[in-house]
Structures are given as structure tokens and as C-alpha cells.
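Add chain B to chain A, keeping to what the hints say.
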Amino acid sequence: METILNINNLTKKFGYLTAVNNLSFTINKGNVYGILGPNGSGKSTTLGIVLNVVNKTSGDFSWFGGSTSTHDALKKVGAIIERPNFYPYMTAYQNLKLVCKIKGVDYSKIDEKLELVKLLDRRDSKFQTFSLGMKQRLAIASALLNDPEILILDEPTNGLDPQGIHQIRSLIQLIASQGTTVLLASHLLDEVEKVCSHVVVLSKGKKLYSGRVDEMISSHGFLELKAENTIKLQQFLETEKVFGEIKVEGDLITAFLDEPMDAKTVNKLLFENGIILTHLVKRKESLEEQFLQLTDNN
Amino acid sequence: MLRLVNLELQKLLLSRTNIILIFISFILPFTVLILSSIKINFFGFFTMELGELGIFNFPIIWHITTFFASYFKFFFAIVVVSMIGNEYSNKTIKQNLIDGLSKKEFILSKFYTIIFFSLVATVLIAVASFFIGLYYSSYTEASIIFRETEFLLAYFIKLVGFFTLCLFFAMLLKRSAFALAFLFVLYIVEWLIYWGAYNILGSSEAAFKVKGFLPLESMYNLIDQPFQRLMITKFPDKADLAYDYAVHWYEIAIVLAWIAILVFLSLKLLKKRDL
Numbered sequence: 001m002e003t004i005l006n007i008n009n010l011t012k013k014f015g016y017l018t019a020v021n022n023l024s025f026t027i028n029k030g031n032v033y034g035i036l037g038p039n040g041s042g043k044s045t046t047l048g049i050v051l052n053v054v055n056k057t058s059g060d061f062s063w064f065g066g067s068t069s070t071h072d073a074l075k076k077v078g079a080i081i082e083r084p085n086f087y088p089y090m091t092a093y094q095n096l097k098l099v100c101k102i103k104g105v106d107y108s109k110i111d112e113k114l115e116l117v118k119l120l121d122r123r124d125s126k127f128q129t130f131s132l133g134m135k136q137r138l139a140i141a142s143a144l145l146n147d148p149e150i151l152i153l154d155e156p157t158n159g160l161d162p163q164g165i166h167q168i169r170s171l172i173q174l175i176a177s178q179g180t181t182v183l184l185a186s187h188l189l190d191e192v193e194k195v196c197s198h199v200v201v202l203s204k205g206k207k208l209y210s211g212r213v214d215e216m217i218s219s220h221g222f223l224e225l226k227a228e229n230t231i232k233l234q235q236f237l238e239t240e241k242v243f244g245e246i247k248v249e250g251d252l253i254t255a256f257l258d259e260p261m262d263a264k265t266v267n268k269l270l271f272e273n274g275i276i277l278t279h280l281v282k283r284k285e286s287l288e289e290q291f292l293q294l295t296d297n298n
Numbered sequence: 001m002l003r004l005v006n007l008e009l010q011k012l013l014l015s016r017t018n019i020i021l022i023f024i025s026f027i028l029p030f031t032v033l034i035l036s037s038i039k040i041n042f043f044g045f046f047t048m049e050l051g052e053l054g055i056f057n058f059p060i061i062w063h064i065t066t067f068f069a070s071y072f073k074f075f076f077a078i079v080v081v082s083m084i085g086n087e088y089s090n091k092t093i094k095q096n097l098i099d100g101l102s103k104k105e106f107i108l109s110k111f112y113t114i115i116f117f118s119l120v121a122t123v124l125i126a127v128a129s130f131f132i133g134l135y136y137s138s139y140t141e142a143s144i145i146f147r148e149t150e151f152l153l154a155y156f157i158k159l160v161g162f163f164t165l166c167l168f169f170a171m172l173l174k175r176s177a178f179a180l181a182f183l184f185v186l187y188i189v190e191w192l193i194y195w196g197a198y199n200i201l202g203s204s205e206a207a208f209k210v211k212g213f214l215p216l217e218s219m220y221n222l223i224d225q226p227f228q229r230l231m232i233t234k235f236p237d238k239a240d241l242a243y244d245y246a247v248h249w250y251e252i253a254i255v256l257a258w259i260a261i262l263v264f265l266s267l268k269l270l271k272k273r274d275l
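Quick note, the sequences are listed as chains A and B, same order. FYI, in full-length UniProt numbering the residues of the first sequence are 1 to 298. FYI, in full-length UniProt numbering the residues of the second sequence are 1 to 275.
In short, the hints are calculated from the structure, not lab data. From a predicted model like this one, the values you see are computed outputs, not experimental measurements. You can trust all of the hints, since none of them are fake.
Calculated cross-link-like contacts (lysine to aspartate or glutamate; reagent style EDC-like; alpha-carbon spacing at most 20 angstroms):
#	chain 1	residue 1	chain 2	residue 2
1	B	K271	A	D60
2	B	K271	A	D72
3	A	K13	B	D274
4	A	K97	B	E105
5	B	K104	A	D72
6	B	K91	A	E82
7	A	K101	B	E105
8	A	K76	B	E105
9	A	K282	A	E224
10	A	K103	B	E105
11	A	K56	B	D274
12	B	K91	A	E155
13	A	K75	B	E105
14	B	K272	A	D60
Only chain A is shown next, with the shape it has when bound in the complex (with noise of 0.2 angstroms):
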């Protein structure tokens, strides 16, 4: 598989604060990816180094496999971090009319780009007067004009009310099925579980996780069960390998599964059993409690 994107070791310090602490991970041709962490994880600061913008301290990356110079790589990149920034007094027009000039593309691009993100009847009006979903969708057209091999988002629907984050959300899921890589940091989990199949999970400038969203945790999954006779079921689960940890809610009881098994062989299982369900979910973890479990370890 082509190789976009590969870290190394990298860390940056900010004097006594450790900001991004020896991370390494790759980035491939293809697929979606999420950097997750809480605020103050390391995400920004470690896009800003690959993007030429903050100084590492130790460690090294490299674009796509090492061949150009990193400002020369950027031009083949479509990035926004944090806001959206461009001159106010410039017309979205002109904005992007600079960043051609910057990346060395053909001007016809800009009113392919501003049909893609709905902002073409607004053109010629400047960028001071408008409001921040549309700042933010100007920011992803002016990050897919030159078509680039990867697209990275930071946090593109902060502060965006929900109508904003849907038209961001979709637009995302639209590049992507175009076979853009993405690279999108986020607090948000849902977001991340939504657009990304691969995911790194960064606590503290420190790597947890990288790797597939759905293999993040490897576990079989968890059951809610209730039952007229709650103690008697509670009492047979308790007996069975199958489960692990059991708990208890009131009525409803919630059995993590040591080894793989559907709701199916469940069921039928306690109904051989003697046991009638009244309630029977089969769940996997959100990747909101997994995020959780994994930061809480470490």
C-alpha cells in the first residue's frame, strides 16, 4: 500500500510540557482516519509539525516516502487547522485566487471547489461577512483546490450549530468516497465513528491506540438481558463460562461476553433453561466507551 504520510519517534516539547511524546504512525493511500484524543492530547501540535508550522523537537516524519521537501509535499496536501483563515477584506473569490497562486493551480479550479461546498453564489462577497459554517466549508474548498492526496481536517465542526456540522459531516463522507485520504483530528467521537475506518487514539502527547475503529477493542461484545425472574437468571449466568462480568440495574442485567456468541444461542440457551426473556439486546461497545476504557488504563 502507497505510504502518505510516516512519523517517527516524533516529540515536541513546549518547555517543561511534553506536547506530543515519541509518536509514530503511518498514514496510507485510501482510507479515512481519525486522531481522537481529549483537548490538550498532542492532535494539533502534531499536525502542525508535519505541516510545517511548528518545530519539532526530536524525531522525524516524513510525506510520501520521503522523496520531496516537506514544503514541496505540502503543495500535493489540503489542510485547515483550527479556524478557518483568510484575509477578510479579500471576496471568497480572491481568497482562493491567492491560494492557487501559493499552490500552483490553474484558477479554474476555484468555482469547481466553491460548487462542491454551496458557496459559488456567494463569490464575490467578502470573506469578513461570513458566517463561520460557511468560513469553514471556504476553508475545505480552498484545501481541495489542487486536488491533494490527502485532505487533513482539525476539528472542522467546532463551533458550528448542527445543521453546520451535518453539511461539514457529509461533505467529508462525499471527499472521501472520492478516494481522498482523510485525516480528521477530533474530540468528538461520534464524529470520528462516523467518517473514520482507521482511528489513533493520542492521550498526553501519547500514542493508545492506532489502527482499525471496529478492532479497537477486542472484545466479543456485551448483552442486555432481562427476565421476569431476574435472581434466577442472574444466578445461571453466573455459572456460565460464556460470561464475564455481570452487572446489575434495577431489572436489567448486563453480560459481557468472554467468547463469541449471538443473541440467537443466548436465547435459546436460557429459554432451554427454563428461563423467558423479556428483553434481549446484543451490543458492542460505543467507541465513546471504549475511548473512555482506554484512556482510563493508562
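Same frame as chain A, now just chain B:
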């Protein structure tokens, strides 16, 4: 290089404030020059014509126009300082770098733009002085016209030097107003150094030599004041007023050195800084 200037020109010329300031810094000296060259009639009592004072004679006109025009550099200094300050306050410097501009290119695009505008200012003054001189000057032989045109070179270097100093202060302080205030602080510091040197060396001549190596003074030294020279041409018997007003190679060399140092330091600063 053209790409970088083009980039910076777009940033500058789309902002109304900048256009007004650029207009003032280039057109104003031009207009003042032309106004002063026409005959002004004070309600029929008397007419004033500066041209008759001989200030528009070749070759002294080169000296006089460049000396006075250089005072209008402060308007463009505001533009230079704000073109850095705004990049920081809008955080567009960060976005520019992310979009693939290298830090070196960023500084160079500012520096080339400074050179570009200094060149435009020099050409404007050269053309204006040339025509006014042709109109008023008592001597119009080519050898006299083009004597002392080194004042134009000095004017150009002076502008580039001053604006590069502004560029460095703006990069250092990130804010336009602070950078301008710092120019004033530097002015005071240079006099303090002069005072210190005077106390150590004991003569004001030696102390001025020391001060001549400092940025602002070295730029000022490029074009010496022309008043004394005017007096001498008017009253040739006052030979005791004679002074050295010529543009010297070492004066240019000092300013060029400062330009190189300041551009280098600006770049170093940007490279070290986390944005």
C-alpha cells in the same frame, strides 16, 4: 521571484487602507514637488517661485528632491509593518505556510515587494526631478544633468534599508503598532549610544562615527542635509560652511550590511518560531 511579488501585491492592493497609504507615500511627494515648482502668486503682492532660488538646478536638484522625498517613507513604513502584523492577527501566515509557501519564500515575498516599491519610488522621483530640472535648470548639458545621480541610488538603498528595518521589527513583535513604536525606541537608543560613545571617546566627531554604524543613523547619512550646500551655492564666500555631502561607498556598504543582517534575522526568527 515574480510569483512572490505577485502574491504580495494581491494581498496589498485589495485592501483599501493599504491603497490609500501607498498612494500617499508615492503620489504625495510627487505632487509636493510639482506644486513647489510652479509659480505661486500671493494675491498679486508678490510671486514666489522656488525655482528661482536655484534649487532646481542640475545637479543639486538630485540632492534636494531625494532628501525631501525620503521623509514620505513613513507612510509606506506603515504599509510594511501592517503587511506583517495583519498576517499574524489574521493567522494567514500559518495558512500560507500550510498551503505550501516555505518560510524563506514568505520573507522573500515581503522583501521583494519592498524592493519593488522602493524601485517605483526611485523611478518616480528620478523622472519628476529630471523634467523639473530640464524646465528650470540653468545648465542643461548632459554631463551636468547626470552628475550626482548617485543620490538616486542612495535614495533607493535608504528606502530598502528603512523598510527592511520595519519588516524585521514587525516580524519580531508581530504587531504593527508595537513595531512602529520600536522605531522610535531605536531612535532614542541610537542617541544614547552616541552619548555613551561621546563620554568614552571625548569628541562628538568620533561619537558620530560610532553612531554612523547604527541602522537609523547609517540610513540618514546616505543623503546629507542639503541646506548648507544651498547656502554655499548662494553665497560662495562662506567657504567655512563647506562640508562633505557626497554619497560615499562605505555609507552604502553599511546600509547594505544592515539589510542583509535584518533579512537574515527575520528569516531566522520565523524558522525558530512555532506558529
